[in-house]
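Engineer: Take a look at the letters that make up each chain.
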Amino acid sequence: MCKGRVRARAWSVFGILLFSLVPAVFASPEVALRVGFDEQVLRLRYAPFQIEIAGLGDSIQGRLIVEQTRGLPGARQHQVTHIVAEGTLGNGIIEATLPVMEPLNPIRVILEDQHGAVLAERVESLRLNIRDWTFPVIVGEALHIEQTEAIIDASELPADWWAYDTADSVWLVEPVISATKIEALGDWVVSGGSLVLFSGADFPMIDSPVLRELMPVREPRLRQLADGTYILEGTPKERARVIATRSEDTLCWQRDLGAGSIAVVSLRMQDLTDEEVLAIHDAVPSAARVPAVERMTFEALRSTVVPRPSYLVTPLLGAALLVGLLIFARFGPRRKSSLIPVSLMAFALGAAVWSGFYANQHKTFIALYDVRTSVQVLSSFGTNIAWHTLYSTAPIDVTIEHPDGSYPLPSAVPTVRGVMFSSESEIGASRFTLQQDERRDVRVNGKERLDIRASLDGSRVEVANMTREEIPEAYAFVGEEVYRLDALRPGTFTYSLEPTPPLLALSGMLRTIQDWLPLKSGGLWLLILHDEEVAVDDSEETHRKVRHVTMRFVEGAAS
Amino acid sequence: MRLHKTLLADHGATVYVMLIIVCTLVLMFSMPWASRLSELISQPWQPFPVPFFLTYAFLSAAIALNRGASVVPSDQLLQTRALGLVLVRIGFGQLLILPLISYSRVLFPDGAGAIFLSVGYVLLFSMSLGFLGILFELHAARRARSSTAVRYGFLMLYAGVPLLFLVAKQPAIRAVATTSPMAAVWRLLSQEGTAAEQWIIYLVPAVVSVLSLVLVLKQCRRTTDG
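Those protein sequences? They're chains F and U, same order as listed. Our numbering numbers the first residue of the first sequence as 1 and each following residue consecutively. Our numbering numbers the first residue of the second sequence as 1001 and each following residue consecutively.
Worth flagging that the hints you see were computed from the coordinates, not collected in a lab. All figures in this text were calculated on a predicted structure; none of them were measured in a lab. One thing to keep in mind: the hints can contain errors.
[To be verified] To be clear about the criterion: a stretch of chain F counts as covered by chain U if any three or more of its residues have a C-beta under 8 Å from a C-beta of chain U, and this derived list gives those stretches:
#, region
1, 305-316
2, 480-491
[What the hints assert, rightly or not] Each pair of labels, with its calculated beta carbon distance range:
#, chain 1, residue 1, chain 2, residue 2, range
3, U, K1169, F, V413, 38 to 44 Å
4, F, P395, U, V1210, 40 to 46 Å
5, U, V1210, F, N360, 46 to 52 Å
6, F, F347, U, S1074, 42 to 48 Å
7, U, F1029, F, R330, 25 to 31 Å
8, F, I327, U, Q1191, 25 to 31 Å
9, F, P395, U, S1146, 49 to 55 Å
10, U, W1045, F, G55, 23 to 29 Å
11, F, V534, U, K1169, 28 to 34 Å
12, U, W1045, F, A154, 52 to 58 Å
We put the CB at the ideal spot given by N, CA and C, even for glycine.
Required output: the full structure, derived from the provided sequences and hints.
Structural biologist: As structure tokens, this is what we get:
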């Protein structure tokens, strides 16, 4: 009896073990995709992509690909491929920020092994989630301010600032603890974003050095009100202003940071009345869109020098040969010696050798001009928006290297017939083909950190240049005035603000960005210009000329 | 004095001056004009060496015919020395134009192999036409006529008629077009032709050279025998 029971138990344990193996044996890899905030997207704007891999027994070597189709259904379409992860892949969520090409077409996610075999794929349609305008993003509990908002969880916040491309404003109702995400939000604010942060009793949970950099008040502290709620108090930072009050207490401070705005509400959302929320909403500005600088970059492209041999060489060679021949024809018969004909032949041979060397040095046929215009805004946080303005003189395959995961967004307007908008993006580089005489603008976003600090002291500016290099061209914007500064030496030096004649060269550029960056808001802004032709790579493979134009806007402080 | 006569006899200077001026002008117009990209965008430019090499090949052929005819003495008693004289005169023209050919390297961004192939072809082709020039002049002189019309008519036909084969659909028939110096130079510059086409390109002037050389030598022997 006892023996039989033991055997029965042994069989049951064996059965349970066998049964537990069934899901593992029959489980197959799966991928799931979520695009956009609350799955809402805009055409040709960046959106956060969350791809979940499940059902993998072990980690595999492979890659995760997102395939999109550009072009309206029924019209000419182009395949756009992004490899968002490559190498060792396991179960879990992979985040990426990708441009949404044409949401009317389905998006396909493919999980491949290292041999290219498809392990799992998923096709998602975004047709019902297309928005025409940017919308508020509410993080945490539902806060219905416009009836168009996207409501997400704090864990869904992306870590790339350009992922907020579709956001009109971001409202942090729920405490966000991740420093990386706060930093991304700070970068977004500097690039023109509009962030609203609720604090009150939640403040100790979210308090961090990164957040304090972002806040419009310094020395923040909590005070308990008569009704038991906690309110945040502090000393407003420079150019911070109060945009909502409740009797004697400040409800919301707002401050411009870079090209954007940050507002901090001194209470939790649930401690506010609907009218107070509405008042704050009305006072908070919308996100400023990064201006289309294509016109500005096109000017840089147009002024780029075309490498070519001197135009005079051919006529000079021809003229020299003619003169030699005519001297020989005119004076040759009079002389017995062969000096003139021998000299003529020696000259022809020498000229052939010299022109061969010269031609070898100057046979610069540039198939691709690549003018990279970087606009960097540096404040407590920093962004780098780079435009590659490309011009091809021959059909050419282009590879653009970019920071890992910063996939480029090409311009939508074709400049020649038969444009191929197909592209293949890996994590660090993107490839596409340009037709002859095609011009294309490609936007790449990145992060930048402050390595220059400036502060205004009356009629002088103190600049701490931590780049270790002298900066030859710099300007200071103080209100409506623009001053040209001397070369900025490495280290901390003071420069006097001498009156400068109107800077016509800057006027076109400033017109382009004046609606975006508040250069004339009354504070100090430093503009550092750098223009260099980086390389003329005339190898047989590339035939490329690269020019870098960098504009660094550094937000200074008044001491 | 002797060298002057050898190289520039019978309006030789004029012929070479024309060669230099025309080739210089064509090469000059093949060069990029734009100094800023804005100019390049409004007037796109591509390296295109074909016009220069076509001009160079055509003029070299015309000069070879001319110089070939110039070595025939008025008494029609041709000597073997005349063959050397033709080659020296053709070579002198090529030497004068050599700096421009060398400079045309700027029009070849991807290697200069096509230049050597084309120049080699033009030399061979010029040599064959130089010998043919002698034969045309001898034939015309016997009838007390000028060979100018025949020479240049022949050149036009030689360069033009094979081009008609370009309209053929079959590749084998279309390859006949490469017997024209124009099509041959174009094919050598574009480096698109098959190996068989390259053989045809060089074989035709080589065969013409050998045949015309044999005929010229026969004439020389007659002179010696006479």
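Engineer: For each hint, tell me whether it holds in the structure or not.
Structural biologist: These are the hints, each one checked on the structure:
Counting residues of the region 305-316 of chain F whose CB lies closer than 8 Å to any CB of chain U gives 8, so the stated coverage by that chain holds, three being the minimum. With 0 residues bearing a CB less than 8 Å from a CB of chain U, the region 480-491 of chain F misses the requirement of three and the coverage assertion fails. At about 41 Å, the CB distance of U/K1169 to F/V413 agrees with the hint of 38 to 44 Å. Checked against the hint of 40 to 46 Å, the pair F/P395 and U/V1210 passes, with Cβ atoms roughly 44 Å apart.
The given range of 46 to 52 Å is broken by U/V1210 and F/N360, whose C-beta atoms sit roughly 36 Å from each other. Remark: the range hint 42 to 48 Å for F/F347 to U/S1074 is contradicted by a beta-carbon distance near 34 Å. As the Cβ distance of U/F1029 to F/R330 is approximately 29 Å, the hint placing it in 25 to 31 Å holds. Hint check: F/I327 to U/Q1191, Cβ distance near 39 Å, so the stated range 25 to 31 Å is violated.
For the pair F/P395 and U/S1146, the beta carbons lie near 52 Å from each other, so the given range of 49 to 55 Å is met. Range check, U/W1045 to F/G55: about 57 Å between beta-carbon atoms, so the 23 to 29 Å window is missed. One distance hint, 28 to 34 Å for the beta-carbon pair F/V534 and U/K1169, is violated here, with the actual separation near 50 Å. Restraint check, U/W1045 to F/A154: a C-beta distance of roughly 57 Å satisfies the suggested window 52 to 58 Å.
When held up to the earlier numbered hints, the structure conflicts with 2, 5, 6, 8, 10 and 11 and fits the remainder.
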